Every structure is written in C-alpha cells, then in structure tokens.
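**Student:** Can you build the whole structure from these sequences, using the hints too?
Protein chains in written order, with this note's numbering: chain A, 88 to 565; chain B, 88 to 565; chain C, 88 to 565; chain D, 88 to 565.
If you're looking for bench data, these hints aren't it; they were derived computationally from the structure.
Any given hint could be a false lead.
Which copy is meant is left open, because identical chains are indistinguishable; a pair holds if it fits in one copy or across any two.
DSS-like mimics (lysine-lysine), calculated; alpha carbons at most 27 Å apart, straight line [claimed, not checked]: (1) K317 <-> K415; (2) K121 <-> K538; (3) K454 <-> K112; (4) K415 <-> K251; (5) K458 <-> K112; (6) K454 <-> K300; (7) K245 <-> K523; (8) K530 <-> K120; (9) K538 <-> K458; (10) K245 <-> K549; (11) K112 <-> K240; (12) K415 <-> K538; (13) K120 <-> K240; (14) K186 <-> K240; (15) K562 <-> K317; (16) K415 <-> K315; (17) K544 <-> K171; (18) K538 <-> K562; (19) K530 <-> K544.
Quick caveat: nothing in here was measured; it's all calculated off a predicted structure.
4 protein chains.
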Amino acid sequence: MSVPYLINSDKGYVPASQRIPSVVKHLVSDRAKKALDLVERFVEEECIPADAVFTQQIREAGDAHSSNIVGRFESHPSVIEDLKKRAQELGLWNMFLPKNHFKEEGAGFSNLEYGLMAEYLGRSITASEAVNCAAPDTGNMEVFAKYGTQEQKAQWLKPLMDGKIRSAFLMTEPQVSSSDATNIEMRMHKEGNEWVLNGQKWWSSGAGDKRCKIYIVMAKSDPNNSSKYKQQSVILVPADTPGVTVHRMLGVMGYDDAPHGHGHIYFNNVRVPDSNMILGAGRGFEVVQGRLGPGRIHHAMRSIGSAEKAMDWYLARLNDPARTPFGKQLAEHAIQLERVARSRVEIDSARLAVLNAANTIDEGDAKSALKEIAEVKVEVPGVLMNVLDRAMQAYGGAGVSQDTPLAQMWASGRTMRIVDGPDEVHMIQLGRNESKRGGALLKRIEAQKEKTRELMKQYGLKNEDPLAINRVSGKSKL
Amino acid sequence: MSVPYLINSDKGYVPASQRIPSVVKHLVSDRAKKALDLVERFVEEECIPADAVFTQQIREAGDAHSSNIVGRFESHPSVIEDLKKRAQELGLWNMFLPKNHFKEEGAGFSNLEYGLMAEYLGRSITASEAVNCAAPDTGNMEVFAKYGTQEQKAQWLKPLMDGKIRSAFLMTEPQVSSSDATNIEMRMHKEGNEWVLNGQKWWSSGAGDKRCKIYIVMAKSDPNNSSKYKQQSVILVPADTPGVTVHRMLGVMGYDDAPHGHGHIYFNNVRVPDSNMILGAGRGFEVVQGRLGPGRIHHAMRSIGSAEKAMDWYLARLNDPARTPFGKQLAEHAIQLERVARSRVEIDSARLAVLNAANTIDEGDAKSALKEIAEVKVEVPGVLMNVLDRAMQAYGGAGVSQDTPLAQMWASGRTMRIVDGPDEVHMIQLGRNESKRGGALLKRIEAQKEKTRELMKQYGLKNEDPLAINRVSGKSKL
Amino acid sequence: MSVPYLINSDKGYVPASQRIPSVVKHLVSDRAKKALDLVERFVEEECIPADAVFTQQIREAGDAHSSNIVGRFESHPSVIEDLKKRAQELGLWNMFLPKNHFKEEGAGFSNLEYGLMAEYLGRSITASEAVNCAAPDTGNMEVFAKYGTQEQKAQWLKPLMDGKIRSAFLMTEPQVSSSDATNIEMRMHKEGNEWVLNGQKWWSSGAGDKRCKIYIVMAKSDPNNSSKYKQQSVILVPADTPGVTVHRMLGVMGYDDAPHGHGHIYFNNVRVPDSNMILGAGRGFEVVQGRLGPGRIHHAMRSIGSAEKAMDWYLARLNDPARTPFGKQLAEHAIQLERVARSRVEIDSARLAVLNAANTIDEGDAKSALKEIAEVKVEVPGVLMNVLDRAMQAYGGAGVSQDTPLAQMWASGRTMRIVDGPDEVHMIQLGRNESKRGGALLKRIEAQKEKTRELMKQYGLKNEDPLAINRVSGKSKL
Amino acid sequence: MSVPYLINSDKGYVPASQRIPSVVKHLVSDRAKKALDLVERFVEEECIPADAVFTQQIREAGDAHSSNIVGRFESHPSVIEDLKKRAQELGLWNMFLPKNHFKEEGAGFSNLEYGLMAEYLGRSITASEAVNCAAPDTGNMEVFAKYGTQEQKAQWLKPLMDGKIRSAFLMTEPQVSSSDATNIEMRMHKEGNEWVLNGQKWWSSGAGDKRCKIYIVMAKSDPNNSSKYKQQSVILVPADTPGVTVHRMLGVMGYDDAPHGHGHIYFNNVRVPDSNMILGAGRGFEVVQGRLGPGRIHHAMRSIGSAEKAMDWYLARLNDPARTPFGKQLAEHAIQLERVARSRVEIDSARLAVLNAANTIDEGDAKSALKEIAEVKVEVPGVLMNVLDRAMQAYGGAGVSQDTPLAQMWASGRTMRIVDGPDEVHMIQLGRNESKRGGALLKRIEAQKEKTRELMKQYGLKNEDPLAINRVSGKSKL
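**Tutor:** If you want it as structure tokens, here you go:
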C-alpha cells in the first residue's frame, strides 16, 4: 500500500503474521502470512475508515427521501465497489475457498489460513464484501462448487466469484421451529418439468440487496417420505421469478442491516425448471449439511475479530486521558483491569479452539470436525457478547449509542447465538454425543474398583470405608 | 504392559496419542506419542486402582492408632514405591525436565510433550510421584538444575532425580499478604559464614512427608535495600536443621493431604552455611520467577486431567442404568446434556490454551510466555471447578462424599485459584499489561476517524450524524 | 372500564391486588389496591394495544417523508392524548407524588403503593406518560415541589402536573466521565442579574419531544470552590432560550426513542435570570441528591414490570402449539423450564427488594434508604437483562426483530445499567459502606476467639490445632 | 445475660430487632423482637465461642484413641449440655414450633418470627441444638405433632421436645435416584401384627449420634399399588431394633460432621409393631410432604445466617491492618468492594424472599406457599456458595484451611443444593408450574394484537410493518 498512514505510524505495531498463536504458526505458509498482513492493513487502513461512508451512502442514496426504508435497500453504495477494486489490485479475493477441496480456483489457502484472515475481516462492516468473502455468498459458492452442474456454475457461481451478483440461502420459516429443520413447511411439487413453490421464508439474509439475484431454497418436495431427512430438497430460485415477493425486512435490535438485510419472503406459485434442483430431489439435508462446516469457522473467526475490535475500543477508552472518574484514569480502576484480563483469556482460548476446528477440517473434512465446529459455534458468540458488554459498560452512554461501533456489533453478535441453529440445539447434540462414552466409562471405573479390591488384599489391607463405624443395634462393634 | 486388562478391553478406546488436538499433533515426536500412550495406560491401569490403596495404607500405617494425625504423616505407603519401580521399568521417569534447557538429563521431552502427559498424571493421586514428576519437587529440581552449584546438585538434585528424597519450597507466610511477595517477612541475617533464619512459613506443601529432606526458603536478607525486589534471598535449609519445627499441617476443606501435607513451620535461629545460598544474596525474586513458568503448565495440565476425570465420572453417572429419575435415565435429561456440552467446550478450549503456552515456552522461555502462562493460570482452575461442580451435582449425595473422587478433587482444585498467587493478582497484572496498548489504539481510532472524514468529503457526503436534528431555540432547521 | 374484553375473558386471571407479595400486603391501603387493579387493566387493555399505534403515528406523522429523523421528533401522536384523557377519567393521574412529602396534591399514595403500580406501567411504552408518571418529569416535578419558588411552581410545576408540557434534566456531558458528577464541566457565570451558560450536555432524555419546554440544568458556577461538592448549581433553562441547540439525538442500540429521545445539546451563551436558580448557587449536588431516591424506585419497579412482560412473552412462546422442535413443545424442554424457574426466582426476589426499599423511604426518607436504593439500582437491571435474554433466545429470530417487544426492551433495559450512574459506581459505594463494619467485626471475632481460649481451659482441653504434629528438627514430638 | 462482654462493648452494634427489613417489621411481635435479640446475643457471646470447644471435645473424647472414627461418634461433648441449660434459663427453647398449628406448646412464634431467629442460629455449629431447634429433629417433631398417636407422642415427641433424645429421618437410598422419591426401594411387608423392613438408607443425618434413638423411615409397603404415590409408608423404627446396622458414616468434602453425622444404614429383617405406623399404610408421601415446608424455611434462614457470618469474616479480613498487598489494605481494592456489594445485594434479596415464604406459610399453610418455598430452596444455597467463595478467596490459604470457619461452611452449604431434592428437581417443578400460564398469556397477547389492529384502523393508520418493502419479483412497489 502506498500510504501506510495508519499502522506504520504506530511504532509498537506488530503485524498479524507475528501474532499468530504459537502452536498454529507452523501450519501457516509464508504466502498466507503475507496475505494475512495485507488483509490486516487493508482492513485497518481502508475498510474501517470506509465503514461510516458506506452507512452514510445508504442514508443519502439518490434523493432527498433517502431515509425511507425502501430507498435504503435499493441503494448500492459506490464505496463498496471502490473497495472491491482495491482488494483485487491487492490480490485479496475469494480467500475463503479452501485449497484441495474444489476444482474452482479460490485463492489457495487452507481453512486455517483463511480463518486467520477472517478474524481481521470481522473488524469491519465492509471488509468481507470487499474481498468477496461475505456470507452467505461464501457458503452458497461452496454449494455451487460442490454440488452444482456445469450450467448452474456458469450461470451463478461465475458471477458470484467475480463479485458481480449476490445470493441468499432460504431455509428458516416464521411459523415453525426451524431450529429443527425437519419442521420446515414450504412446499414444492412437480408439474411437468417444473417445480412449483408455495410458502414463506424469513431471515433470508442478503435478500434486501438489489444485487441479490439468486436464492437457494429448501422446501418440502416429498412430505410423505418415511424418512424425515428425505422429505426436503434444495432448489435454485432466481430472485425475479414471478410469485416471489420480498414482503419486508427484519430488524435486528433496531438495525435494518441495509442494503443486505434479512428478508421475509413470500412464495406464491413460484415456478422453476427441474434443472434448478441441487444434487437431486430429496437430498436437501445432504446439501445443507455439506454447506455448514467452513461457514461456521468463518462466522466464528469474524466474531473473534469483532471481539478484538471491542477490546481495542475498550482499551482505548480506559486510556483516554480525559476520563478520570474519582480521580484516576479508567485504566487504573482494578474492576476494569480484571474485566480486560477475563476478556483476553476468553478471546485467546476461543481463537485457539476455532483454529483447531479449522485445522481439523483441513486435515479431514467438515464431517470429521463435527465436534470441534459445534464447540466453537456455542463458545465464540458467548465470548463476543461478554467482551462487548464490558466495553459498552466502560463507555457508558456512548457505548449504547451511534458513537461507537459497539452497540451495532452487539446486535449483530447476538444473532450469532441463533443463526445456523440456536445454542441449545448444538449444546444438546454435543452433550448427547459426549454422553455416548458414558457406558464404557462406567465399565472402566468398575474395572478399576475391582483392581483396587485385589490390590487391597495383596497389600493386606482391610479395604474398609474410612468412615465405617459398624454399629449394630445401637452398639458399635469396632 | 503384560496384562492390558483395562483399556484394551474397552473396544471403543482410542489411545491418547490419537486424541491430541489437531493443531498440536505435528509438534509431538513419535517417541513422545509412545510415551504418552504408556503414561495413559500406566495411570488408568495401575495408578488409579492404587490410589485407594495409598489412602488406606496411610490410615492403617503401623499400628492401631494409625488414624491419629502424626501417624498419617510419619507413614510411607509401600504401594508408592512399587509404582515407582514399575514406572522406571516402563521408562517413565522425570519426563518433566524439558530438553535443551538443562545439562541434566531428563527424559528429553518438550514442555508441550510433557504437558500432554501431565494431563494423564492429573487423573490420579499417586501417578505424579510414581513417575517422579510431582510438585513441588519438579520446580525445585529446576531450581537446582538452573541455579545450583555442583555441590548443591550432588547433594540434593541427584537424590531428587532418583526419587530418593523429597523437597519443599517455603515462601508464603501466615501473617502477611504473601500474594504480594515483597511482603514476606522472614528474616535471615549473616553471622560469620552462616545465615541465621527466624520467622514462620506456611502452605509449605510436601513438608509433611518424612522423606522431605530439603527446604528451599525465601527470606529477607537485606530489608533496607532501596529496591523491594532485592531484599529477598533464596537459601537451602535441610529439614532436620536445629531450630526448624513443623508446627502443624494445614487442612484443605477437611482433607489433610497426608503424608505430603501443607506445613506451618517455625524457624527459630536456624543456621545454615553461606554455601547454601542459591544464585546469590538479594537474588531471591530472580530465583522465584525463574522457577514458576513450567510449573504452572504442569499444574494447569494436571487440572485439565482432573477435569477430564470428572467428566468420565459425570458421564458414567449419566449412563448408569440404575438412575432413572422421573422415568428416564439421567443421560436423557437435557439439563445434564447442556452442562456436559458446556464442560466439553470449556475443557477443550482451556487445554489448547495450556498447550499453546507450553509451546511458547518451548520456542522461547518462560519469560516470553508470561501472558500465555498467566492466562491459563486463571482460566484452568475455573474450568476445573465448573466441571467438578456439575459432576458432583449429578451424583447427589455421593458427589460430596467419599464414594467418588469428586469432592477431594474439588477441595484440591479450589486451592489452584490461590496457589502461586491468587487469581486476582494475575488478572490485574494481565489486565494492566493488556491495557498498555490503549494509548496507541486511541490514536489509531482517531486516525481512522480522520480518514473517514476525508472520505466523506471525497464521496460528497454531508458526514452528519444519522440522528442529527439541529433544533435551534425550539425550532428545527432541517 | 366498560368493555373488559381482555382480562375478564381470561378465566384464570387473578387481579394484581391479589398477587401482592405476602409480606407487603398489609402495607397497601384498600384505595391503593383498587387503583392498582385499575392500573393493571388500563395497561393491559388500553395501553399495550395502543403502543404499536403510538409507534406507527410517529412514523407516519404529517407527510410522506415521515420517516425522516426530524419528523419523528416533531410529531406528537394523538393516541397519547386520548390515553391521557382516558386515564384522567379513571382517576389515574400523578400517582407517583408520594403522600405526606409535599404540599402539592398528588394521588396520595405511598412510594410502596405507587411502586406496585409502576410495575404495571413498565409493561407498556405509552402507559407512564398516559398517567403523567413518566420520567424524567416525575423527578423534575419532585424538584419543583421540593425546592421550587412559588413563581417556579406556577410557571412549570402546574403545567407539568397537568400534563401540558414536558421537561428534561441536563447533567451528563460527553467529554468527561460524568459517572463522577464532580467532573461535569459546563460553565455558568453571572453577568448582572443573569447567568450565562456555555458547554454541552447529552443523554438529555425527553429533550427530543417538542412539548419539552423546560430544562433543569446542572453546571459549574463556582469552579474554584475548595469543596468539589459546592462548585455546581442547578438552574432552569427554558428550551427555547436563545443559544440552545438540540444538535442531535442519541440512539440506543439502533432505536431513537422518538419523540421523547435522548438529546445532545449545545449551550452557547445561554442567558437566564437569577430567579431561575434552584435552591441557591452552589447547591447543585444537594438538588441532584434530593431528586434521585424515588426515581430509582420507579425505574426499578418499571423494570420489574418489563421483566414480567418478558416472562409473559416467554411463557406464551413455550406454549405455542405450533412450536415443536425435536418432537415436543418448547414447554416440555427442560432447559427452558430451568430458565423459567431461574427467571421467576430472580424477579420475585428483586421485586421484594424494591418494595422494601420503597417502604424504607416511606418510613423515613430517601437518605435513610441509601443502601436499599443502591442495592436495587444494581440488582434489578441485571435481572431484567437475564430474563429478556432467555426470552429472546426462546423466540429465535423473532426475539431480536420487530415482531416481539423483547429487542427494544433489551435495548432500553441495557441503559438502566448506566443511567443515574453506572453499576460500578454504586457497587463501589455500597461495598465501601459495607466494608466500614470490618474493623468492629475483626475485634468481635478476636473477642470470640479469646472467649474460646478461656472455655478450652475451663473444659480442660489442650486447645491444640487438629492438625498439629510438632515435628522438631525432623522428629515428631507427639 | 450478666456479662455482656461482646456485643455491648461494640459501640456501633445495633441489635437484630432493629435490623429487621422494613417491610417485615410490623409482622414481628414485641415478644419476638426481644427473643430475637436474646438469640443474637446468645449465639454471638456463648455459642460461637463454644463451637471450637465442641469440636475439640469430640476429638479428645474419653481416651487416647479419640481421633479414631468410632470414638468421634460415641462421644457427647459436655459443652452442648451446658449450652442447653443456659438456653433454657434464657427461655430460648423450641422456638421453631409455630403457633396455631399444633396442640403441642412450642414457644409460640410464627414461622416468620422464628425464621428471623434461625438466621442467627445459622451462624454457629452448636446454637441450633442448644435451643432444641436442630434439624432433623425439628421436622421430626412436626411429624409427631401433626400425625402422631398419643402413644407415639408420649414415647418420642416428649423426650425430643425436652432435648433428651435425638432422631433421624430415613428416606434417601444409595442405589437409586432418590431425588425422585418414587424410586425408593426399601421394602416393608407385614407379618402378623408386625412390619418387616429390608434394605438400606443413607444420608440419614443425625444417625451418628448415640443419642439418636428413633428413626422415621420411608419404605415401600405396597409396591404394586397402581398409584406410585400410594406405594410408600412411613414407620417408626427405634435405633436399637435388632437387624439395624449403622454401617458407616458419609463424609462431606472431608468432614464427618461427628457426632451428628450422615449414616449409611442397613436393615436386615427389622421388625416393628403395626402401631409404629405413621398416619396409615400407603400414606408415606402425605407424611413426607407435610413435613417439608417449614424445614426448608429453617434451612434457608440458617443459610442466610451462614452467608452473613461469611460476610463478617470477609469484611474483617478486608480491614485487617496487617494485610496490605500492593501497598494498600484489601478494603481499598475495588475488586473486593465490588464483590462485597454483590454479596450484600444477593443476601438481602434472598432474605426477603425467605421471610416472604415464611409469612405465606403463616397466612395459609405450606401447601399455599409451594412456589415461595421452592424459590428459596434454589436461591439461597446459591447465594451462600457465592458469598463463601468470595470470602475464601480473600483469605487465600487461610480460607480453605482450619483457620477460618469458611471451608467447613462451604462443605456444609454445598449439600444444601442436594438435600431435600437437588436444585434441578425444584427448578423443573417451578418452571413447569410457571409455564402453565403460557396458554392464557398466548391468548391475551393475541387479543392485544387484535385490539391494536382495530385501533390502527380507527386512527387511520396503514398498520404496516416498519420495515415493509414489498418488492415483487425484483421490483419494489413502495
């Protein structure tokens, strides 16, 4: 970068590649380390300053009435296109697509390497899109790369990888507990060569953006199949297909996340050709499960990045010389230092857990990393909430207002405990799997006790309970 | 091992070396992996069954009056010597002494490799001593290896490494806040070629054991030194030096931890030659700090092992077919599954943090790993307490009684939040160090805001606050 | 009420007066019980249904461009005036002004009695204003009633009590740590018979509303006074005084709380006559402290009401027959039931604490209830956050969106941990006061130990430590 | 008391009767207030100093072998009889037996009044027995008073009320999940006029004491009864009945609680006459449930007292002038002050909840107070654990050792989360009952929404969602 105005001027600055946790370092190639440092500088020097510009462009988009809600979703801030150009110049593009997994050419990094980069992307609201690594496109591109036909790839994967269009994944429905995906009710039935879809979806993230051209939709194609896991299919629905209505956007704690947004969408006799089917009718669960692994790593590492950003703001506040409640700077208040320490401990442990999960995928696949992925799915959002809450509290009123990024990060972070299944679902699953070892452990403990009894005899011990009193009918024998 | 009665009979059993976390695997040599599996089997098949024998031998030691308190500390259970012989046959001895750090020959493992083994040692009350890796001897041996003269090494390090004697480190005092070591008051003054010590120490762990022959003692040799950190020295005091009285042992939640124990010791004109000084007068803090790093890793990994053992017992209980409150097995109670999951998440993250700290030491030294060590010092005991509490609760009355190892593990684990400095001291230190970045971060955030203002102009935006209303004297201008 | 469409149709409904906690019942007059039931029905049947109307009227106020931010603060929803009329018909007006404390005629209830009512007001966003018991007017009216001159009362208290105008209290400033009010910097200096104010204030809640006619402002009138607590004065500034600019409104997690809002206000040579002074120059702290007690009870009881409303929504969700994740209704998921129970425990305890604090004020004054007030100031918002978080989680995506009141309640509730001083300030103060007993307790414990020593002798006991071993120079004496 | 050596010498001392929470005061008679102050002084001045004497008498009881475990349970410390005499002189005896509930004459106090006293009893290990208000005798006396025949009362209730004998309640069994009492397996079958009991019981608290003469035993008399709640009976078994063996005592975290203790008891063809039946065969659940209410209040208030005692020790430590880590007294460390404050908030709220539950019983009966009792059953032990943990941590090593009462209080307090049913059982029950309101609340919320829709029309509003965008097939309509 030509004008290293920001980071280089900070004399104590240590580049990201030199702050990789010790155990992970040797798993990161030199090329990835270079890219990592570039990502950090791009985010800190270009994306973060552009975040507020992005927000303001949405507000002012086009005309005097810009703050009306439709305008907010019709707009496309020019700053994001400028950042995309800049990212491509820097060679930062599609880093998410893991090497050795797809024929398609991503940037050739491992999940662990991209994970390290995703942490920095998570510090800015524009960065992920700027380098074409934004959800839900990343997961959707993986679906196309993994399961798409040549035609599907040409029509949708190509422009997605080029950053020309965006996409959405439509699964959750308002009227049922979608946390259990077998509850999903949207119907699709076949008429001739076409599938006809009816129903509604919500939390269709990204569907607010006018550039969102393609929906990947899960719906019930075979409701009477004896296996609950074969009733669903996943099919492609172009956003402008007749019968599709984006009814409204969903707010997140008062934020509309425009223009991306979270759509509530109606399907009224929406017809798409059979060739739009992904993988085959009845294989919806297969597609959904294949999609989830790396995406959860991305979410988790971006959340780690959010937590680190919250720490930055927190520490900056503590060291603001203008803040001296009760005669000393906030950085001298032990309650704050304890919270800083706790935050540091939580973040550092959680980061290691995510990187370990990423590496487990790299060494096998998402399936072999089920446990590790579930662990970070529940751990990381909790850590992020904790750190944000502490930072907000240190900022007082500023912490809940528009004057810091903390409040919006909190709102967004809060959804992480719900998105892709609420905590509870993952906890129960994780607990149930862990619990399966219990039977064998019970046997092992019994075997150890048996061995103890043998040893007791061997050593001539009475093997009695240390608190034995053996009082028979009121009289003690011992 | 000739009769693999236990683990091998468990068909689903996966050896320790195959359960090393993904990111850490490549840092572990094949030799270490073999040793690790051997440690696991030795602990599970031989040490754990021997634990109750050890306890019972203490109770019955020698005569009918064995349960009196002195007898408990005079005894030396024969089972521990048998385990030591067995360990030496297996080649499991002194694994703690890290390679490349000392001339003395340990087992040649890295801190990370030994850390993995220490986890298994932490599952048994006899295992650490059985393989000559028990605290505080390990730290004391490091002190000798690092700072000892040839004579000191010959006299004390040799028999310690051979498992012939034991040792104690005497630092904490009852009458002051020893969490701040500059408060330590025991005096030593020079008379001729001798140092004379007066004062008292407590929590002198290991001093109960009759085989404990040598005390490494911190005392104030130069109370008027202008630097608080140069007033203290560390000196060797043989346990049988006249003037030394082990006044009493300290209980831990009702346990006396005999014969090891935690001593409260009086020093009354105790004289030792100047040649007993470690490193030199006034260098006590240097010695103490040099001693602490790896020992905290050992403690932490043993605590991880305790937490895993608690999980084993927890899971065994959940799957005990005889337990069916309210019509279903405990393993079907979602509240328990959620707690199991939370425990799994906490343990796995914490383990990675400890291994990362160990590797940071391996790559540099304890000083370069200050932050990582402090993090696990506060994180791990908290995790252990959580897991134990959940397991205890699932066991009901059995959980707090002598019928499970949980209650004693809780008592012992609770001290980990105090030993080597209470949580609070480490938290404040960690927080303070972290907070130092605040000034630079404040500047960075300001620079980013400045850049935003430039961009706003460049993009022709009004850069106003989204909630600006500019109402002047009751009338809105906008 | 003529059409008891709501509560009466619910056969299991038990009126509020019959759900007063047992220990409190006898402290509530029959008149207050009647009013309480009336409040409950007014809130449930009229205010809650009107809440969304209020919100929508703000959005549509006046013209097509209504969603612009200025419009939102210029509007005055007609529904609120209709509710006010209705409340007055029902005799529900100014219930907050405690009997026996002021000459002015409130509704004649005690703080405890009004506290019970405030719980129900806290369930609706329109209810408090509808019955003229909305903050910050309540506290401001108390200031006028307590400290105002006849002229001040006539000009401001009268229309406030009639619900004709609204008011704001301006204290907090953005550039300093206002949690320590001695840091407040706004200057006021005297020129002739006038005071001239310069500086800025923020979090001036209520200042967004065009009907907000009067500001009560704290500023530094005597910056060199040797007592930090005598440097500040409190003075009246009509909102339309030249030099006053409401620069912008502050958001709370994405909500603007229009038309009430939280103002950021500039004062540029704002001139008011000396007769606007409250109580006298230099007595600002006195005014501020006199104002705070009952207001904190109101906040706390409204928060209890919010928590109960969150419970209502939570329980409704759990029993929604359409929600059956994993084959059973949410109400059958034990994790949810445990959280419900915890919420119930937390709310019920906290309510008792607030009512006890209210009664302590009633029996003495706010000063005599300092401890009790501080306790609920920190306890209640924490409870509210917990309950809301659990309810949000049970609702999944709906919980963070506009489809439930939970998200906005969370945002609003979160400020309660900051408003009127952040938790930390109250905790430290509470802790410090509590700690003052420590010296006497140390003496008492020493005296008890001394008495024990006497008794030991008297009973012929050796009074030794249970773990004494007295091992002298390696040999045990016992 | 003749020599008010302790409390009266503390000038700042405020008697217990003047520290009754504000809302509760008027529910306490003058006579109860006097008794309360007497209890406080008796506990502080006589019982607490005697606690260590009691402990030491057990250790030294009778002969040189006193520390053997049987001796510990055979002994009866004379100090307790002296305290009992003293208590009777003071008129402090059987205060637990609530007025108006039984023909038997207790001290004539309400549950609330005795609850206040129980708080002070909870500060000492000897006090409850000294005033004949110790568990489990209190609950057992209630059983006799409520359900006993004249003969049963004469034989057992009389000497219990006179403090001549002690008793135990035998319910829990080691081999099943007794948290669900329907699982209890001990059998009793009738032979002629006798019942024959076979099986085992544990956690039979009090059964260690040689003075424990009577067991109240629950066993299965009708295992095939179609109602699970009619299979059990409660019957009297004198401790010296042939076939009864007190096999061993159960430890609590390393403490044996001698001589009281917690027994593990075998029943081998134990024969008792039919006249020993309580209430009638098959009515065991009725007896058990009738027994539990007030006992839970007693436990809870004693736990509040323990928490207050922990606070006393905590505050004493903070103000120990000898403790100055890092240059200032502990009382100046903000982390400690925050914890003190949190403890104060938790204790004060919990106390109010217990007193409210007690008063709910007083106004009705234990059945009408089910919710309130369950709430404090789960809340109070949690508070006690929190406060003890904080105090222990402030004491460092002393906190877990025999040098403070904290460690033993922790051990004992921990059982409170298990005794009389583990937390989880009460939580689920509480949650389930609360959840029953959900259906009606769902309807109410729907009715409110319907009313909103009417109002929207009435006010001419479009009632649309604030984030509606209505984009049809890619084009926005709005």
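**Student:** Going through the numbered hints above, which ones does this structure break? Give me the numbers in ascending order.
**Tutor:** Violated hints: 4, 6, 7, 9, 10, 11, 12, 13, 15 and 18; rest satisfied.
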